[in-house]
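Student: Read off the chains here:
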Amino acid sequence: MKHQFILSLFLFIWSNSVMTQEKYCPYSVSGKVLDIVTKEPIANVTIKIQDTEKYTLTDKVGNFLIDDLCSNNNTLIISCLGYSGSTSHHHHENGSLPHLYLTQKVTGLDEVTVQAQKIKEKGTETISQVTLGKNEITGDATQSLAAALSGLQGVTFTSAGTNIQLPVIHGLSGNRILVLNNGLKHGFQNWGTDHAPEIDITSANSITVIKGASSVRFGPEALGGVIIVESNSLRLNTPLYINLGTGFQTNGGGINTNLEIVKGSNKWGYFLNGNFNKIGDRKAPDYSLTNTGKEEKSFSFGVLRHLKNWDFKIYYSFVDQNLALLRSSIAHSGDAFVRALNSDAPIIIDSFSYDIDAPNQTIQHHLAKAEINWYSNKGKLSLRGGMQLNKRDEFDVRRNSKKPIIDLDLITYDYQLEWRHPNWSRLDGLFGIQYFSQDNDNNPGTDTTPFIPNYNISRYSAFGTERLKFGKNTVEAGVRIDFEFDDVRGRKANQNIFRDDYSFANLTASFGYSRQLSENTSFRTNLGTAWRTPNMAELFSFGQHGFKTTFGLLRFTDNNGVLSTDDILPLDKSVVEPEKGYKFINEFKTYRNGNFHNLTVYSHYIENYIFDRPIGVFGTIRGPTPAFIFDQANALFLGADYSWQKELDKNISGILGFSYLWSKNIIENVPLINQPPISTSLEIQWDQGKVWGFKTSKWIIRYSYTFRQLQAPRTVLPQSLIDGSKIITIDSEIFDFMNAPRDYFLLNLSWNFKWKNLSGSIAAQNLLNSRYRDYLNEMRYFADDLGRNLLFTLNYSFKGKNNK
Amino acid sequence: MKIHRFRNFRLMALLFGTILVTSCSKDDDVPEEENELEVITDVTLVFTNTADANDVVEATAQDPDGIGIQELVILNEIDLDAGKTYTLTFEIFNNLETPGEDIGDEILEEANEHQFFFGFSDDAFTNPAGNGNIDTASDPISYNDKDENGNPVGLSTTWTTAVTALSGGTFTVRLKHQPDVKTSTSGANDGETDFNLLFSLNIQ
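Here the protein sequences line up with chains A and B, keeping their order. At position 337 of the first sequence the residue is numbered 665 (the working numbering), and the sequence of numbers has no breaks. At position 127 of the second sequence the residue is numbered 125 (the working numbering), and the sequence of numbers has no breaks.
No wet-lab data here; the hints were simulated from the structure. Ideal placement from N, C-alpha and C gives every residue a C-beta, glycine not left out. Honestly, I wouldn't trust all of these hints.
Stated by the list, open to error - Where chain B lies over chain A, by a calculated footprint (3+ residues, C-beta under 8 Å):
#1 762 to 770
#2 776 to 787
#3 820 to 826
#4 875 to 885
#5 890 to 898
Okay, chain B solo, but in the shape it has when bound:
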């Protein structure tokens, strides 16, 4: 009888020993700091008069809390002069980090995966004419840059405003991320949207 007992306890010890040893280790680990890759908080459109580098019109959209629930704020309307030619460039930042991270560099590095698309009030511009290439990708936009495959990127574009005044028009800029999707015919609905911003446009 005693021998039996002893053997039982040995078996019991064997079964539970391993588990007991490894348990009961309360820790206080905090998740490591992560570098938010996909957040853009601030996008500024910079229209520079091609004839006068000091004539700059800026319009900024800001999402102060990134993926948080706070609404996007459009800080400015776009107020352009009639009958002038502008170059449009961007300042794109993640300001949740200090210092802010320049996402524009990242887009440039991956130019063959990105394209900017534009939509605007009909005939707001004489060049490009029409309403932009968001609805139809082949519609004219004056891209100043190309990726290594010869497809447009849009970090720089040229715009000539109409001579007639426009008040309360719209100007939409959409950045698409199109890894393995971007071709000469891919459009504003292909791939993922990095940003999609709607500004009011005034021309006087």
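Next up, chain A with everything else stripped away, as it sits in the complex:
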């Protein structure tokens, strides 16, 4: 058998700073180099610190140590006999003992790639999680945050068309997913399927998905999981780096361009980032999707000031979006809705245009953050303060008005103080307190009863997590308590004022265990609970938006089967309860002989799970109109994510993925609605390495198959409700207006290359131009999903030679 050239090195590096010394150069780096296949230590590997004269060789057992370093941010140049040199940025924050795991993958004799595996976020070590790096994110610079993550097992998105996509983790979405935007909970109108987080992914350096229920450290309510978006991490001692990217896509005639500038000296670090996207009407295989374009502008910058034992960071980002929604998704009456459902093609199809007309949304989101970190032998202290302003206007197709139907300003303040204590014997952990507030105001002039009331939320929180390591075992526990006070002011349909105020105490707790079963195999398990306060839309939604009318939990009353929306129940007098989720998640990872298996199995029980569902078509003067209400039930979710990566050859690897979710309303023993169907994917990667004058050339072919959702509720056609052949009451079994769409295959292909300072890709999405509708896309009622899309991207990057 041919000798495998794949030599992988496992590198454990830890660093130590000697704080008591008054020397100018108190830092050190030490580590161990191992062959990942044989597990043998590798001796005589050269480790050099870039831009210094300092270097060392690993000893017989692979260990190395370099001390008296003058910076806490070092670039290691690792070279091993017979292999070309490689560099690895090593940035550590003193006062703690971070592990930086480096997996070296050597493809061919003269190519060494170092992939830094991000250290797990504190307090979540025992929860299944995965991080996407810059390259994986920006393959398609125009895609949404949710779409970028949807390749991960167990993660998908729910959407209202291509422009508005919300991440779904293990069947949960909306504000059950905590989106952490540069350390702050992204403060936006987080309700419904038509509001996605306004985050420009080209500004992200990494995106981490935590699939557990118990993100003790990051915030309450994250029953589904946490998505951590981080921009450039602001490094010291980094040479000037400029990246200019541009792209074109055929479907929608989309163009995008982005620029990033990064530099770090020994006291300062900064980055600047800007992005522009414009896309016109997209195309399904058979027709144009009229009014589906978007325009997006974003800008961000960050500055780091480093003093001895102190780091000061500021960060600002601005995102401006104008997102069109499919014109044919607006049906102003039951008859029009029936026609739209029964029609194979959308009712309104115009020729291609970049114009964005109603229905559409315009959003401006500002985020400003200041952060101070203080390092000492008493641990690390972080103080973070943030302010966000989210301005949102939504336009429906309206009878006599070009005015927005929703016009909201949401201001969010967030202060966090966190102390990561030094090791207490073997205990490692952190404690923190947080104050979070939101102020939502309706701007006058919508000529309609506010869909969402004005409100103020104040939340006071405290949390702590501890981790204990013994041998190959890690035990982790965390608890968080939140006190939330809500004050609500709104209008009834007759314009009378209503008020409500209430408070909730929410508990989040997590207990986990992980064990390194062998060098190649690890197991982690976590039991967590998270509670969630019903959000404003779930409680107070009122009225017509898009093709339907929606009524929140407090907005309708049931008088012996007759629904009324005239009165508003005070929360205290209603039966509404907060959601309480209990999630048990287990992850098993093993690597052997070129096979990497990752299996995650979970069960999630949610008490008082809140969801919206069709309740019927109700007579209005315009004709029967589809109506949705919010409802609560106890729900059970059982699922598994599996991936198997196999090295087929030294240059070719295959990844098989599978996600399965079973869910049920266990009170009434009926299915839930809008849950992700089973999906599988097969990806083949062919890394050609140096070929045809390119530095790298890599092909990826990805085949995905999504099953029909077999657990969809029964179908009750709106025409049978209109003609009275079916009668639905509030006690009737859950239903949907349309059958779940059929299963579908999608084929994607991409080629990535690097040539001198240029890198780029050519990619085809839905190469076969398959007709399909996605069950989690609300537009499935009206039109097919996107047809073939060819994307061309080109990046020019410039890297300065030194860091002066």
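Chain B: place on chain A using the hints.
Tutor: Below, chain B alone, put in the same frame as chain A:
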């Protein structure tokens, strides 16, 4: 060392000062009263005998809570006499407001964006004959009014009932809003529906 500290605190103050000043301002703003533009609660069909202005037949449809979930109620059936000619006009109101708002005026102002369409039991009328223009826009309806482009509106129409009695027939009236859509050939499925009401029709 002291100098360092001082500088740190100054930086800290700078970073957080601005944010702290602007936060913690709890307000008690209530959304301003909005004037519901798009709500119609009451539509009354007024059939007036062309030969006798005192012979008036009215039929009303009412949606008491507008966008609320309450069902539309058809308060009357349309009971016409056989072999007579009537002029049909409308009273269209939003009664959620006090006093009620007359939407008919609004439709008149935007006549070139609106058209009424009708559907009824086959041959209920001798004029217009047939079953109305909801299914086929070119079918006959006796419109008495035109917009500035010469296209029919339908705030006033003329109807001559058949001589044969009819019991339990239907009469549908649909008002369409067709901004930039209304032409001489646009039909009952073009544009947005302002109202669509189905009445029982009796002729005796």
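Student: With reference to the structure, classify each hint as holding or not holding.
Tutor: The hints, checked one at a time:
no.: 1; hint: 762 to 770; verdict: holds (count 4)
no.: 2; hint: 776 to 787; verdict: holds (count 7)
no.: 3; hint: 820 to 826; verdict: holds (count 4)
no.: 4; hint: 875 to 885; verdict: holds (count 3)
no.: 5; hint: 890 to 898; verdict: holds (count 4)
Violated hints for the displayed structure: none, as all numbered hints are satisfied.
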